[in-house]
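Engineer: Taking the hints into account, I'd like the entire structure generated from these sequences.
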Amino acid sequence: MKLGARILRSVKVGWTASLVFGMYKIPSWGRRLRGIEIEPEELSPTHLRAAARILALALDLRGVMIKMCQAIATRADIFPKEFIEELKQCHDAVPPKDFETVRRVVESELGKPLDAVFSDFGETPIASASLAQVHRARLLDGREVAVKVQYPDIESIIRTDLANMRRVCRIYEFFDPQPLPLLPLLEELTRHLGMELDFVREADCADRVRELFADDPQVKIPEIYRDWSTTRVLTMELVGGIKITEKQEIEDAGLEPAAVLQNLMYIYVRMILAAGFFQADPHPGNLFVTSTGEVIVLDFGLSKELPEGFGLGLFELMFSLMTFNESAMVRAFTELGFRSKTGDTGTFVAIARRMVSRSDTGAFEGEFTEDMTDELFEAIRQDPVAEVPSDFVLVARVFSLLSGIAHSLGSRANVLQAMSGGGPNG
Amino acid sequence: MENKRTYTTEEILSSQVYDEPLIANDVRCHGGFDSEGIYQSPRTLFRTPAIQAWQNQLAEEGAALIEIAPNLMPPQYPSAEQAKLLLRNGIREPLVRTLTIISIVEGFGAMIRDVKIPDLDELIVEPIEGTALHHLGQGLFEAHARDESGYRDEGGHKQMWEAARDAALENPNIPGDVLMRLMGRRGSAQRPGPAFPEIGEAAERMLGFMSNVLVVEVIAERTFRWGIDVLSDPEISAAPEVAGNMVRNIQADEKPHVEYLRTALSEVAARTLNTVDGKTIPGKTVIDGLLHRTLSQMIRNRPGDQRDDIREGLKQAMQAAQNPAALQDDFDALEPVWTAPAKTGFEPAALGA
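From first to last, the protein sequence lines stand for chains A and B. Each number in my numbering corresponds to the 1-based position in the first sequence with 17 added. Each number in my numbering corresponds to the 1-based position in the second sequence with 1250 added.
For the record, the hints were derived by calculation from the structure and aren't laboratory data. Take these hints with a grain of salt, some might be off.
Label pairs and their in silico Cβ distance ranges [said to hold, decoys possible]: (1) A:Lys105 to B:Tyr1268: 45 to 55 angstroms; (2) A:Gly271 to B:Asp1403: 47 to 57 angstroms; (3) B:Asp1403 to A:Gln106: 36 to 46 angstroms; (4) B:Glu1451 to A:Gln106: 53 to 63 angstroms; (5) B:Asp1559 to A:Phe191: 39 to 49 angstroms; (6) A:Ala69 to B:Asp1369: 50 to 60 angstroms; (7) B:Glu1562 to A:Thr118: 49 to 59 angstroms; (8) A:Leu131 to B:Gly1563: 43 to 53 angstroms; (9) A:Glu404 to B:Pro1586: 42 to 52 angstroms.
Chain B is nowhere near these chain A residues, computed Cβ spacing over 12 angstroms in every case [what the hints assert, rightly or not]: (10) Thr141; (11) Glu190; (12) Pro198; (13) Leu199; (14) Glu263; (15) Lys321; (16) Ser437.
All C-beta atoms in this analysis are idealised placements derived from N, C-alpha and C, irrespective of residue type, glycine included.
Structural biologist: Spelled out as structure tokens, the structure:
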């Protein structure tokens, strides 16, 4: 990336950061001089304006800024709901790079001309995102493949953007007496980006999950072709199916949406609770179902290893929520790594009460709906919880995404039923 | 109260007043002790006499109570003697894993409260007023659920098994693969299709689920005997009395479950069911068919699969012993012998003849 472009990106980030900071601080200083306290609900329009400004910057600069917005949109435990709603719109789809750029990357990475590996290589990508794009191709032996190609300058862009954001966060923390914990979030984003940029790691993760379901004919993880994969190019089996949220198409294929959902839930519960290793991005673009009911899981860029005992801890938390056993709930929250600022464990019970109150039935029956997860994080943000384990946030987001898919299919994403093999009505 | 056959939900869920609560491993559990120190199961103040009254009514009608033959029960694996051998040789993890899985499975018993109960007056030709069937959604399923998983700050069987484990084995570390072992492998087995589509999906699901739970509850009896044998052995248990009694308490709590389930299923078997196409079918045909299917599947297929899985894990665990080969030989010498009976006792007429 050229110096001029780097400076321009830095200026844009700095300018937006100053504007956002000013939006909050200037009125607050003014009111403080007049001795008036600002009520949290009065900040709602400011939150909306600030979030819109950040979204505009992300859509302009793309790359890591998009990832940053997506990360913020998953952290309802830290950011106000106006930020979450606004930045949720920050989709990963970006205009693709031209084919010549793609060809250069593939040839340079594989060390061979394109036609020495592929008999056919589609010039138009079948998908493009903030870090890479995917092309359909055919190997010389006739196998159809999907080739994921990383953008050539993406690492440099990320380095620049992360450095800019780190600077902004430090300045913000210097000026704000009670800053939001932005630097840890940035560190987490840096770790996640590092994972997503390493396609060899992604291949390893896909292999690990495939191994977990090796004898399960109801799960499909595409094969990775290592001979034609590097850290920046990933060549894998091309698989096709019905997008998992397309209920009508699933029914037209003679499949039961509820059975498809049960299969999907089993896959995620086995990965998260039992194996402690999971594909952490179950959005509908990554999940398909074949005409025989196999669930296809794609994109292992964001795969996560959970600490030992995390699955059992999460199970105990859900179980205690189901029975509303308060002492067990406090124990489970604590074992998962939650810490309250005051040491008062009643905080956790109050948070759980708020979360459960948002379920359809007023009780926790094993499903983390989006409403319940939002309420949980809103309660955490308002209450004095000093430490929320980031693994928990990620897992809660995954279950909330699965709940969204379940609702598209007219079903429920019950974690406890998936674990016990189906429940009485499944 | 002897002739009373209709109860409110509150009555079915009512417990005696205890002189002393049951506290297990610092966790308040359900149930408690009377003035003589005898354990009283929770929610049995009206439930126990109610079940007795419904069973008496069945007898008066000349209907038989369902009996599942004890020889249909496969032995617990590893056996009590094998488990003790492992513990004497310092191999604790398999037992900790087994006890933890038992506790979780007990907790899943709470799902019985989620059973969708069809309109039983529409399903069953004869009246069901004053029967166990009439009370399934009026306290029986809920009481069962609370017994298994606990309710609010009172622990249930899940917490009681955990307490027995922690007392006997002194708060052991829980193996990280417990949930993986619990979920097992689902392989390619397909869920069996409906056996009695003529009674409708909801009715078959409920009766099938109740048949399943009844068989599990009956099989659990051998797990209680095994648990009491192992955990109250002073040679290997740090708290033989506490741990053994805890399992005895659970065993006592489970009796009403077996009794209400077999009463309700026997009531169905003694009646006639309306089919979805306007005809009727004897309840006995349906209940025998469902029990036969459940027993065939659970007793003939599952124990073998589970035993192989457990045995593989045990072989690995025994590698930590001073002399793994000798321990393996001693372990194999204690291998329980059990042959599945040829018949379940619920064969459809054509097969059972």
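Engineer: Work down the list of hints and note, for each, if the structure agrees.
Structural biologist: Hints, one by one, checked against the model:
Taken as a hint, the range 45 to 55 angstroms holds for the pair Lys105 of chain A and Tyr1268 of chain B, whose Cβ atoms sit roughly 52 angstroms apart. The hinted range of 47 to 57 angstroms is satisfied by Gly271 of chain A and Asp1403 of chain B, whose Cβ atoms lie roughly 48 angstroms apart. One distance hint, 36 to 46 angstroms for the beta-carbon pair Asp1403 of chain B and Gln106 of chain A, holds here, with the actual separation near 43 angstroms. Between Glu1451 of chain B and Gln106 of chain A, the C-beta spacing of about 41 angstroms breaks the proposed range 53 to 63 angstroms.
The hinted window of 39 to 49 angstroms between Asp1559 of chain B and Phe191 of chain A is violated, with their beta carbons roughly 58 angstroms apart. A C-beta distance of roughly 54 angstroms is found between Ala69 of chain A and Asp1369 of chain B, which places it inside the suggested range of 50 to 60 angstroms. The beta-carbon spacing between Glu1562 of chain B and Thr118 of chain A, approximately 52 angstroms, falls within the hinted interval of 49 to 59 angstroms. Here the CB-CB span from Leu131 of chain A to Gly1563 of chain B is close to 49 angstroms, well matched to the stated 43 to 53 angstroms.
Roughly 49 angstroms separates the CB atoms of Glu404 of chain A and Pro1586 of chain B, a value that falls within the hinted 42 to 52 angstroms. No beta-carbon of chain B is positioned within 12 angstroms of the beta-carbon of Thr141 of chain A; the least distance is around 38 angstroms. At roughly 38 angstroms from the closest C-beta of chain B, the C-beta of Glu190 of chain A stays outside 12 angstroms, upholding its exclusion from the interface. No Cβ of chain B comes within 12 angstroms of the Cβ of Pro198 of chain A; the nearest lies about 30 angstroms off, and the non-interface call holds.
The beta carbon of Leu199 of chain A sits about 34 angstroms from the closest Cβ of chain B, which is more than 12 angstroms, so the claim that it is off the interface holds. With a cut of 12 angstroms on Cβ distances, Glu263 of chain A stays outside the contact zone with chain B, its closest approach being about 23 angstroms. Every C-beta of chain B lies more than 12 angstroms from that of Lys321 of chain A, the closest at about 16 angstroms, which supports listing it as non-interface. Listed as outside the interface, Ser437 of chain A is inconsistent with that label: its C-beta sits roughly 4 angstroms from the nearest C-beta of chain B, within the 12 angstroms cut-off.
In terms of the numbered hints stated before, the structure departs from hints 4, 5 and 16, listed from lowest to highest.
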